[in-house]
Structure formats: structure tokens, C-alpha cells
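S.K.: Construct the complete structure from the given sequences, taking the supplied hints into account.
Here my numbering is used: the first residue of the sequence shown is 1177, the next is one more, and so on.
The hints are simulated quantities; they were obtained by calculation from the structure and are not laboratory data. Be careful, since some hints might not be right.
Using 27 Å as the maximum straight-line C-alpha spacing, the simulated BS3-like pairs for lysine-lysine come out as follows [to be verified]:
no., residue 1, residue 2
1, K1275, K1190
2, K1242, K1275
3, K1242, K1224
4, K1224, K1190
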Amino acid sequence: MDLAGRIRLMIEAKLSPGPSLCGIRRHREKRRLHSNVSVASGNFLAAKERGVVEGIHYEVTGEVQKVDVHRIRERLDNDSIVILSNLGYSSSGSVLNCKYAM
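M.R.: Here it is in C-alpha cells:
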């Protein structure tokens, strides 16, 4: 889970608006291609704990119960880039590591 959080933060930082370093160094136009990009991430996945299966306790492993498509579409309609990770959130507030499955 820690790695998923770090990767999400790294992606958000790369997409964050700010002055172009090339523009600052060369005193040219300070324009970035992604200067108006908005990034959205959050608790879009509702999950439940996997629990004990065949005698194995899966601790913080979860199963996705619901994807909040409405909130994701709202962000996309507002021209945001939505970042989805493998982290799901239970009704009790636990953060769970969810495996993608179809």
C-alpha cells in the first residue's frame, strides 16, 4: 500500500502546474504543455475485507465491491485526469489492497 501511495504522489507531482525549468534557465517563454491540468484521486473504490479463506487470513487484502463511476465521470467532465490505484476503502474506514479481477 505504501508503494501505491508513493507512485500516486509521484504521478500527481509530475502533472502539477509550475514554471518550466527550461523557461526559467533560458528566460524564454515559461509555458508547459500541462499547465492547466487538474489531477483527481480519492476513495473511488468501495471494498470489503477478504478475510479468512481456506484457513489463510488475508489481513489488509480486499475485494472491490463498487466503483464510484458517477464521481469519476464528474471529474473527467471537469477536464481532470483521474488516477485510480489498487487501494479500496471499507465502510469502517480501512484501506485495503485490492486485486484487479474481471
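S.K.: Now, for every hint given, state plainly whether the structure supports it.
M.R.: The hints, checked one at a time:
1. With a C-alpha separation of about 26 Å, the suggested pairing of K1275 with K1190 holds against the 27 Å cut-off.
2. Between the alpha carbons of K1242 and K1275 the distance comes to roughly 13 Å, so the proposed pair stays at or under 27 Å and holds.
3. The hinted pair formed by K1242 and K1224 meets the criterion: a straight-line CA distance of about 10 Å does not exceed 27 Å.
4. For the suggested pair K1224 and K1190, the alpha carbons sit about 32 Å apart, so the restraint of at most 27 Å is broken.
When held up to the earlier numbered hints, the structure conflicts with hint 4 and nothing else.
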